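Student: These are the residues of each chain, in order.
There are 2 protein chains.
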Amino acid sequence: MITMEAFGGRRLHIAVVLAVVAVLWSVNTRSPPDSIVRTNADYDPCCAYPCDNQGVCLSYPDRSYVCDCTNTGFSGINCTSADFLTWVHHSLKPDPEKLHNLLTSDWWLWDVVNNVPFLSDMAMKYIFISRGDQVDSPVRFESDHSYTTLDAYFNETYFGRTLPPVPDHCPTPMGVAGPKQLPDVDELIKRVFLRRKFIPDPHDTNLLFQYYAQHFTHQFFRTNYTKGPQFTKGLGGVDSSHVYGVTEHHRRAIRLNKDGKLKYQIIDGEHFPPYIKDTPGLDMELPPYVPVNADTTFALGHPFYAMLPGLFVYSVIWMREHNRVCEVLKDEHPDWDDERLYHTAKLIITGEVIKITIEDYVQHLSQYKVRLRFKPDVIHGSRFQFHNRINVEFDHLYHWHPLVPDGIKVNESYYTVMDMAFSVKPVFVHGLDNFIRAMASNRAGKLSARNHGKATVPFLRKMLLNSRTIRFRGINEYRKRFGLKTFTDFMDLTGDEELARDLQDLYGDIEAVEFYVGLLTERDSPSLTPLAMVNIGGPWSVKGLIANPICSPHWWKPSTFGGDRGFEIVQTASLQKLLCNNMKSGCEGISFKVPPGTA
Amino acid sequence: MITMEAFGGRRLHIAVVLAVVAVLWSVNTRSPPDSIVRTNADYDPCCAYPCDNQGVCLSYPDRSYVCDCTNTGFSGINCTSADFLTWVHHSLKPDPEKLHNLLTSDWWLWDVVNNVPFLSDMAMKYIFISRGDQVDSPVRFESDHSYTTLDAYFNETYFGRTLPPVPDHCPTPMGVAGPKQLPDVDELIKRVFLRRKFIPDPHDTNLLFQYYAQHFTHQFFRTNYTKGPQFTKGLGGVDSSHVYGVTEHHRRAIRLNKDGKLKYQIIDGEHFPPYIKDTPGLDMELPPYVPVNADTTFALGHPFYAMLPGLFVYSVIWMREHNRVCEVLKDEHPDWDDERLYHTAKLIITGEVIKITIEDYVQHLSQYKVRLRFKPDVIHGSRFQFHNRINVEFDHLYHWHPLVPDGIKVNESYYTVMDMAFSVKPVFVHGLDNFIRAMASNRAGKLSARNHGKATVPFLRKMLLNSRTIRFRGINEYRKRFGLKTFTDFMDLTGDEELARDLQDLYGDIEAVEFYVGLLTERDSPSLTPLAMVNIGGPWSVKGLIANPICSPHWWKPSTFGGDRGFEIVQTASLQKLLCNNMKSGCEGISFKVPPGTA
Numbered sequence: 001m002i003t004m005e006a007f008g009g010r011r012l013h014i015a016v017v018l019a020v021v022a023v024l025w026s027v028n029t030r031s032p033p034d035s036i037v038r039t040n041a042d043y044d045p046c047c048a049y050p051c052d053n054q055g056v057c058l059s060y061p062d063r064s065y066v067c068d069c070t071n072t073g074f075s076g077i078n079c080t081s082a083d084f085l086t087w088v089h090h091s092l093k094p095d096p097e098k099l100h101n102l103l104t105s106d107w108w109l110w111d112v113v114n115n116v117p118f119l120s121d122m123a124m125k126y127i128f129i130s131r132g133d134q135v136d137s138p139v140r141f142e143s144d145h146s147y148t149t150l151d152a153y154f155n156e157t158y159f160g161r162t163l164p165p166v167p168d169h170c171p172t173p174m175g176v177a178g179p180k181q182l183p184d185v186d187e188l189i190k191r192v193f194l195r196r197k198f199i200p201d202p203h204d205t206n207l208l209f210q211y212y213a214q215h216f217t218h219q220f221f222r223t224n225y226t227k228g229p230q231f232t233k234g235l236g237g238v239d240s241s242h243v244y245g246v247t248e249h250h251r252r253a254i255r256l257n258k259d260g261k262l263k264y265q266i267i268d269g270e271h272f273p274p275y276i277k278d279t280p281g282l283d284m285e286l287p288p289y290v291p292v293n294a295d296t297t298f299a300l301g302h303p304f305y306a307m308l309p310g311l312f313v314y315s316v317i318w319m320r321e322h323n324r325v326c327e328v329l330k331d332e333h334p335d336w337d338d339e340r341l342y343h344t345a346k347l348i349i350t351g352e353v354i355k356i357t358i359e360d361y362v363q364h365l366s367q368y369k370v371r372l373r374f375k376p377d378v379i380h381g382s383r384f385q386f387h388n389r390i391n392v393e394f395d396h397l398y399h400w401h402p403l404v405p406d407g408i409k410v411n412e413s414y415y416t417v418m419d420m421a422f423s424v425k426p427v428f429v430h431g432l433d434n435f436i437r438a439m440a441s442n443r444a445g446k447l448s449a450r451n452h453g454k455a456t457v458p459f460l461r462k463m464l465l466n467s468r469t470i471r472f473r474g475i476n477e478y479r480k481r482f483g484l485k486t487f488t489d490f491m492d493l494t495g496d497e498e499l500a501r502d503l504q505d506l507y508g509d510i511e512a513v514e515f516y517v518g519l520l521t522e523r524d525s526p527s528l529t530p531l532a533m534v535n536i537g538g539p540w541s542v543k544g545l546i547a548n549p550i551c552s553p554h555w556w557k558p559s560t561f562g563g564d565r566g567f568e569i570v571q572t573a574s575l576q577k578l579l580c581n582n583m584k585s586g587c588e589g590i591s592f593k594v595p596p597g598t599a
Numbered sequence: 001m002i003t004m005e006a007f008g009g010r011r012l013h014i015a016v017v018l019a020v021v022a023v024l025w026s027v028n029t030r031s032p033p034d035s036i037v038r039t040n041a042d043y044d045p046c047c048a049y050p051c052d053n054q055g056v057c058l059s060y061p062d063r064s065y066v067c068d069c070t071n072t073g074f075s076g077i078n079c080t081s082a083d084f085l086t087w088v089h090h091s092l093k094p095d096p097e098k099l100h101n102l103l104t105s106d107w108w109l110w111d112v113v114n115n116v117p118f119l120s121d122m123a124m125k126y127i128f129i130s131r132g133d134q135v136d137s138p139v140r141f142e143s144d145h146s147y148t149t150l151d152a153y154f155n156e157t158y159f160g161r162t163l164p165p166v167p168d169h170c171p172t173p174m175g176v177a178g179p180k181q182l183p184d185v186d187e188l189i190k191r192v193f194l195r196r197k198f199i200p201d202p203h204d205t206n207l208l209f210q211y212y213a214q215h216f217t218h219q220f221f222r223t224n225y226t227k228g229p230q231f232t233k234g235l236g237g238v239d240s241s242h243v244y245g246v247t248e249h250h251r252r253a254i255r256l257n258k259d260g261k262l263k264y265q266i267i268d269g270e271h272f273p274p275y276i277k278d279t280p281g282l283d284m285e286l287p288p289y290v291p292v293n294a295d296t297t298f299a300l301g302h303p304f305y306a307m308l309p310g311l312f313v314y315s316v317i318w319m320r321e322h323n324r325v326c327e328v329l330k331d332e333h334p335d336w337d338d339e340r341l342y343h344t345a346k347l348i349i350t351g352e353v354i355k356i357t358i359e360d361y362v363q364h365l366s367q368y369k370v371r372l373r374f375k376p377d378v379i380h381g382s383r384f385q386f387h388n389r390i391n392v393e394f395d396h397l398y399h400w401h402p403l404v405p406d407g408i409k410v411n412e413s414y415y416t417v418m419d420m421a422f423s424v425k426p427v428f429v430h431g432l433d434n435f436i437r438a439m440a441s442n443r444a445g446k447l448s449a450r451n452h453g454k455a456t457v458p459f460l461r462k463m464l465l466n467s468r469t470i471r472f473r474g475i476n477e478y479r480k481r482f483g484l485k486t487f488t489d490f491m492d493l494t495g496d497e498e499l500a501r502d503l504q505d506l507y508g509d510i511e512a513v514e515f516y517v518g519l520l521t522e523r524d525s526p527s528l529t530p531l532a533m534v535n536i537g538g539p540w541s542v543k544g545l546i547a548n549p550i551c552s553p554h555w556w557k558p559s560t561f562g563g564d565r566g567f568e569i570v571q572t573a574s575l576q577k578l579l580c581n582n583m584k585s586g587c588e589g590i591s592f593k594v595p596p597g598t599a
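In order, the protein sequence lines correspond to chains A and B. Those letters in the first sequence? Residues 1 to 599, per the UniProt record's numbering, in order. Those letters in the second sequence? Residues 1 to 599, per the UniProt record's numbering, in order.
So here's chain A without its partners, still in its complex pose (with noise of 0.2 angstroms):
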């Protein structure tokens, strides 16, 4: 029985709601009462990092700071009180470690949220804003100055920066923890990172999924060496110029101009790119010790590929689908020029490009359990900003050479890395496809520390040297910036009394722990790579997808991918079919694990 007390509770219910939601209004809105701290430190209090949830620090010259906590949803003198709405949002976040054992795990809710459209589109909703508020949008710091410069945003041959350089003027490298000098970087390559005997990736992870990392970070990773570490020639983000190049120049030498396909030569029957001979006027722009032949050397979008079977492979597999979906274009609008089925068939390619790194590629690199999916019209409407900018700490992360193992086996051959440096030829000497079932069949490495071949040393050796002139915080202070909870000491750190011990040798604080060194030694999680790398280059990751102009509401529709036909080939895009329609002798079974009862 619904009774007249029932309805007079009803009013009185609506009445402690709106009292709720007037308190909770003052709340967010008062200003955050700034004030200064004084401290008897000999250094600027700055250097210690004491302001939390994101806050800024200003220091004074007499060791006093201020931390500037507007709109961190904290306040106090180091933004550590949660107004009261970040408390209740903060109260309803699951911890991040729990979260992610959860979303690895085979749990009934999985099912249901996989197979209803409208949770799963929730999901993803809460996935794409949730990651992407953790990245400054737009860019606020670069690596020259440990403050905000207008610069960070308008230069945009600087990489970004999630976090600024340690100030010249403190006490240690790391701010003010850990050693004056950091350890010496060889032989802390050789206790921490080089390979005792190949780890396997327990996961099954094959080479496939690894040239995968490299082929399409690269489009967006291309540090400017001759200006140095801190700048950048690529644009910000999947722009697809890992199969056109990155300048307009490049782009053009490549081209067949003719129904809008890129360049090709035909190989034993099959479709390759041309060589360089074939495309004049292409600027290498390679180091002078990488050994290029015109007659010999491929031609791709990005000039490096073509030094590396594995990179090579994925290369010819891009040129393959970008002139396939031109003929589906063709067929679709016969009347259009070169140039509208060329600049059509790249955002086609983008939207592949894009739907298989998130469906395909990051689905086994998370091990999430909830199907991931490429849907940016989720959050449309949303907060979500449609830019992105490179952050060069998402450089550093995606260092990844532990999954390179020492050698692949194919067919009966074996190379070493080394033996497949500088050379495709062992693509030409099994074939194509061989080739991809070969890296489909052989495993990775494990990402962890002590799995470094050697040979790639010195990519890690001049990274972690360009992460000090740069001046990187330590890990620690990543980890705070991305919500975790920061490690105590070295066996939190990883689980390993041996490595821990080494740690502790080098760096005698767990706060002086170098940002790429933490996320490489940190103990296991479900995923391939530990939970930092997870949750740290998860946020750069879905905002370097999602971010693309392509999932903006203006962009997402048939008619910019040239009609239903073209729409659908994004939307359906996997690994699988690229594979399939783009290998001469069928692709059954290859994703990015090696077959079942592989040893």
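Be careful, since some hints might not be right.
Said to hold, decoys possible - Below, a list of computed lysine to any residue pairs in the SDA-like style, where the Cα atoms sit at most 20 angstroms apart:
#  : chain 1 : residue 1 : chain 2 : residue 2
1  : A       : Lys227    : B       : Arg252
2  : B       : Lys557    : B       : Thr572
3  : A       : Lys125    : B       : Arg383
4  : B       : Lys557    : A       : Tyr60
5  : A       : Lys197    : A       : Thr598
6  : A       : Lys557    : B       : Asn78
7  : B       : Lys409    : B       : Asp204
8  : A       : Lys557    : B       : Tyr60
9  : B       : Lys258    : A       : Ser146
10 : B       : Lys330    : A       : Pro167
11 : A       : Lys557    : B       : Gly76
12 : A       : Lys409    : A       : Phe428
13 : A       : Lys330    : B       : Tyr60
14 : B       : Lys557    : A       : Ser35
15 : B       : Lys557    : A       : Asp52
16 : A       : Lys190    : A       : Asp406
17 : A       : Lys330    : B       : Ser64
18 : B       : Lys330    : A       : Tyr60
19 : A       : Lys330    : B       : His169
20 : B       : Lys557    : A       : Pro50
21 : B       : Lys557    : A       : Asn71
22 : B       : Lys593    : B       : Pro202
23 : A       : Lys557    : B       : Arg481
24 : A       : Lys330    : B       : Pro61
25 : B       : Lys557    : A       : Asp133
26 : A       : Lys258    : A       : His343
27 : B       : Lys557    : A       : Arg481
28 : B       : Lys233    : A       : Asp151
29 : B       : Lys233    : A       : Phe154
30 : B       : Lys375    : A       : Arg383
Don't read these hints as lab results, they were simulated from the structure. Note that the structure is a prediction, hence the values are computed from the model and not measured.
Following the hints, complete the assembly by docking chain B onto the known chain A.
Tutor: Below, chain B alone, put in the same frame as chain A:
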């Protein structure tokens, strides 16, 4: 008395609301029913722009077409049927002309809005978001392709484009309407634009306003004539490059490298920028016909600004303001180095530029009686996109040479426009302060047809020719794009019989009237410009100002501007203060209007 019926009625009410929500949901999420339309046209049917409400037209060789209505809020073969939510939204939205008349009238409600912060914030939020929604962000088009390309976004040397170019293969330059050949530019200029007799602006606008417009906008209107009228050398927005220079090289050349300041010299006891001889390495990038003398030409953020006294005056004032702000910052932060003082002062200057542009300049330009406020925090957390690109149509729209009078009276001297070209000597003959007072007391011209002075005709001519080269659509297409009713005939456009007759002679068809021609020949509105100029320029302008990175949540806080004092300089900036702080002899009564009683 509350009865059970009332409660039952409430349940019914809730049920009805739920049902309506469900219907809306289904209406809003169904995919748009694209239908192929067959035509008998002997041309590409998309040349007739059949798709309304920003639907995208795709045609097929059999002369059929499809309108892609995705994400427009409309459906139907030509995207003319409003979805339910769109219909509700449109029903609530006032007609733009009526709204404009209301905004510019002395209505009692504006007094309330102006004086109640909560309502004022709501008004500004509405203005920022509704204007921002009208600009594609990310930008979709450039001038070399009549369809969406990835390059429009990633190649930032392109100006953006709001409506794509008329395809080359269309029957007439405007699509299907009008003559095969557009009217001769010189005849057009003579009959429509050329000043018969100087018409002063009826809102008492002075030359301080005119030069502000020019000085402010040329930080982002920087056509790259070496590459073509579709390319820019600018960085996409309010980057303060008009004060500091657009390249790092340029910026370095005019820095003092001490206390964050810009270089200066003292002339007659006042601070002025240095001469070119004192800025080694400065690249002027001026056309060869511009006379530059290293010993007497001033070195400014924008070299061209040393050629006209009005632009020079603003350059001097902003240089002084920058150096003044550096002193305030140094007083607050005596430990900061030159670099940090410079970059932080630049952030403050950028904030001042935006504040003064919105609250003084746009306020006067629009003649709105609602007080415009620079409150970026009102849109934090909304769908507003904090990234901007300059559209080439905005550059064309801003050709406001009718503001320029035939000459200017300074004290007892009279200078024609040509007397003052390429020389800033008059500033020194009379003194800076006197020259500023002269700018304030000379009337600017009315922004209308038949008020374009002879001296600046070459700029108009070049711009009109450029708009044909890059194939602008006609004014009515732009009016549709921005939600304005289209003109039905020439009298409807001009409200002036003679002008209507001339335009009829020249174009024959109202649909063939060019963009800029239509903007300038429209009948008067209560603003300084006709209605379309406000309602088309407004969105680009608001977007450019509010999408600046400093307005975004992570930037808009005291620490970005060096602390509370810096933030306060931004938040209290005004034209009045800018002048008072940087003129030697006081600034009383100087505004964007001539003093009361001026003839």
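Student: Each of the hints needs a verdict: does it hold here or not?
Tutor: Hint check results:
At roughly 17 angstroms between alpha-carbon atoms, Lys227 (chain A) and Arg252 (chain B) fall within 20 angstroms of each other, so this suggested pair holds. Between Lys557 (chain B) and Thr572 (chain B) the alpha-carbon distance is near 15 angstroms, which keeps this suggested pair within the 20 angstroms criterion. Pair hint Lys125 (chain A) plus Arg383 (chain B) holds up; C-alpha atoms about 14 angstroms apart against a cutoff of 20 angstroms. The hinted pair formed by Lys557 (chain B) and Tyr60 (chain A) meets the criterion: a straight-line CA distance of about 18 angstroms does not exceed 20 angstroms.
Distance hint between Lys197 (chain A) and Thr598 (chain A) is fulfilled; the C-alpha atoms sit about 19 angstroms from each other, no more than 20 angstroms. Between Lys557 (chain A) and Asn78 (chain B) the alpha-carbon distance is near 16 angstroms, which keeps this suggested pair within the 20 angstroms criterion. With a C-alpha separation of about 16 angstroms, the suggested pair Lys409 (chain B) and Asp204 (chain B) falls inside the 20 angstroms cut-off, and the hint holds. With a C-alpha separation of about 18 angstroms, the suggested pair Lys557 (chain A) and Tyr60 (chain B) falls inside the 20 angstroms cut-off, and the hint holds.
About 19 angstroms separates the Cα atoms of Lys258 (chain B) and Ser146 (chain A), which keeps this hinted pair within 20 angstroms; it holds. A hinted pair counts as satisfied when its Cα atoms are at most 20 angstroms apart, and Lys330 (chain B) with Pro167 (chain A) qualifies at roughly 19 angstroms. For the suggested pair Lys557 (chain A) and Gly76 (chain B), the alpha carbons sit about 16 angstroms apart, so the restraint of at most 20 angstroms is met. Taking the CA atoms of Lys409 (chain A) and Phe428 (chain A), the gap is about 15 angstroms. The hint holds against a cut of 20 angstroms.
Restraint check for Lys330 (chain A) and Tyr60 (chain B): satisfied, since their Cα atoms lie roughly 11 angstroms apart, inside the 20 angstroms limit. Using a Cα cut-off of 20 angstroms, the hinted pair Lys557 (chain B) and Ser35 (chain A) holds, with the two alpha carbons roughly 15 angstroms apart. The straight-line distance between the Cα atoms of Lys557 (chain B) and Asp52 (chain A) is roughly 16 angstroms, inside the 20 angstroms bound, and the hint therefore holds. Between Lys190 (chain A) and Asp406 (chain A) the alpha-carbon distance is near 17 angstroms, which keeps this suggested pair within the 20 angstroms criterion.
Of the supplied pair hints, the one linking Lys330 (chain A) and Ser64 (chain B) holds, its CA atoms being roughly 16 angstroms apart against a limit of 20 angstroms. A threshold of 20 angstroms between alpha carbons decides the hint, and for Lys330 (chain B) with Tyr60 (chain A) the separation of about 11 angstroms falls inside it, so the pair holds. About 18 angstroms separates the Cα atoms of Lys330 (chain A) and His169 (chain B), which keeps this hinted pair within 20 angstroms; it holds. Proximity of Lys557 (chain B) to Pro50 (chain A) is assessed by CA-CA distance (about 18 angstroms); at most 20 angstroms being required, the pair is judged to hold.
Note on Lys557 (chain B) and Asn71 (chain A): the hinted pairing holds, with a Cα-Cα distance of about 8 angstroms set against a maximum of 20 angstroms. Restraint check for Lys593 (chain B) and Pro202 (chain B): the C-alpha separation of about 11 angstroms stays at or below 20 angstroms, so the hint holds. Among the hinted pairs, Lys557 (chain A) with Arg481 (chain B) is consistent with the structure: their alpha-carbon atoms are about 18 angstroms apart, no more than 20 angstroms. Taken as a hint, the Lys330 (chain A) and Pro61 (chain B) pair is honoured in the structure, with Cα atoms around 11 angstroms apart against an allowance of 20 angstroms.
A threshold of 20 angstroms between alpha carbons decides the hint, and for Lys557 (chain B) with Asp133 (chain A) the separation of about 18 angstroms falls inside it, so the pair holds. Restraint check: the Cα-Cα separation between Lys258 (chain A) and His343 (chain A) comes to about 12 angstroms, which is no more than 20 angstroms; the hinted pair holds. A distance of roughly 18 angstroms separates the Cα atoms of Lys557 (chain B) and Arg481 (chain A); the hinted pair therefore holds under the 20 angstroms criterion. A hinted pair counts as satisfied when its Cα atoms are at most 20 angstroms apart, and Lys233 (chain B) with Asp151 (chain A) qualifies at roughly 16 angstroms.
For the suggested pair Lys233 (chain B) and Phe154 (chain A), the alpha carbons sit about 13 angstroms apart, so the restraint of at most 20 angstroms is met. For the proposed pair Lys375 (chain B) and Arg383 (chain A), the alpha carbon gap of about 18 angstroms is at most 20 angstroms, so the pair holds.
This entry satisfies every hint, going by the numbered hints stated previously.
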